[in-house]
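Since chain A is already given, all that's left is putting chain B on it; use the hints.
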Amino acid sequence: QVQLQESGPGLVEPSGTLSLTCDVSGGSISSYDWWSWFRQPPGKGLEWIGQMYLRGDSNYNPSLKSRVTISVDKPKNQFSLKVNSVTDADTAVYYCARNFGFSFDYWGQGVLVTVSS
Amino acid sequence: QSALTQPRSVSGSPGQSVTISCTGTSSDVGGYDRVSWFQQHPGKAPELILYDVTRRPSGVPDRFSGSKSGNTASLTISGLLPEDEADYYCCSHTGSNTYVFGSGTQVTVL
Chain A
1 QVQLQESGPG
11 LVEPSGTLSL
21 TCDVSGGSIS
31 SYDWWSWFRQ
41 PPGKGLEWIG
51 QMYLRGDSNY
61 NPSLKSRVTI
71 SVDKPKNQFS
81 LKVNSVTDAD
91 TAVYYCARNF
101 GFSFDYWGQG
111 VLVTVSS
Chain B
118 QSALTQPRSV
128 SGSPGQSVTI
138 SCTGTSSDVG
148 GYDRVSWFQQ
158 HPGKAPELIL
168 YDVTRRPSGV
178 PDRFSGSKSG
188 NTASLTISGL
198 LPEDEADYYC
208 CSHTGSNTYV
218 FGSGTQVTVL
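Which chain is which? The protein sequence lines are A and B, in order.
The numbering of the first sequence is my numbering, which starts it at 1 and goes up by one.
The numbering of the second sequence is my numbering, which starts it at 118 and goes up by one.
These aren't lab readings, by the way, just hints derived from the structure by calculation.
Warning: the hint list may mix true and false statements.
As the list claims (entries may be wrong) - Derived Cβ-Cβ restraints for the label pairs, each shown as a range:
#1 A:Ser-7 to B:Asn-214: 25 to 35 angstroms
#2 B:Ser-119 to A:Ser-66: 10 to 20 angstroms
#3 B:Gly-196 to A:Ser-66: 43 to 53 angstroms
#4 B:Ser-195 to A:Thr-87: 38 to 48 angstroms
#5 A:Ser-58 to B:Ala-120: 37 to 47 angstroms
#6 A:Ser-117 to B:Arg-180: 39 to 49 angstroms
#7 B:Glu-202 to A:Pro-42: 13 to 23 angstroms
#8 A:Ser-66 to B:Gly-212: 16 to 26 angstroms
What the hints assert, rightly or not - Straight-line alpha carbon distances no greater than 16 angstroms define the calculated EDC-like cross-link-like pairs of lysine to aspartate or glutamate that follow:
#9 A:Lys-74 to A:Asp-57
#10 A:Lys-82 to A:Asp-23
#11 B:Lys-161 to A:Asp-105
#12 A:Lys-44 to B:Asp-204
#13 A:Lys-44 to A:Asp-105
#14 A:Lys-74 to A:Asp-105
To be verified - Residues from chain A that keep clear of chain B, each with C-beta distances beyond 12 angstroms, as calculated:
#15 Gly-8
#16 Thr-21
#17 Gln-40
#18 Gln-51
#19 Lys-82
#20 Asn-99
Backbone N, C-alpha and C fix where the C-beta goes; we use that ideal spot for every residue, glycine too.
Isolated chain A, as found in the complex:
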């Protein structure tokens, strides 16, 4: 069974770059074409950040597109998220997940990232 695990710094300074990695275990990341990132600010709802197609394409939430990059490292069986120029509004639990058709079936447990000086 596929398992996903997010990792990265839990604290990022304002105007800095948030960088997270999602490790995929229990299967090859290359076995599925699309992988996604999400976030959930404390006490608020879910937001889709973007998705990556292993063969090169990616799509991002229009509200975040100018600041976000999703990339893959196939040999390491992981994919990553970078968010530039972060502010307090980027404080959230960040999740990675596997795309399943037009949905998402396997999710990581989530990692809290706080933007603060």
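Only chain B this time, still in chain A's reference frame:
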């Protein structure tokens, strides 16, 4: 893209049924049968309970069912159980190959 509209909360007694609506536009919910529903317990990751409007992943009880009419999708939970108390989110694929979530609904089992 604007968040899909869900009621903030719904409640029901054990054994009863509750229905959660999810209203979007013709560019998302109304345009495609690509609506999913997720259950999220406090402090936990979301879990997929319905996809493609009506389809259940393996292991999800048939107490959970979905439907769609026009720009509104619905999730019905029949025979409410205490463990159904959670937040529920709808999600729709859009014509721009992006995804938009609903605002979330808290289900309370009285």
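* Which earlier hints can't be squared with this structure? -> Checked against the structure, the hints that fail are numbers 5, 13, 14, 17, 18 and 20, while the rest are satisfied.
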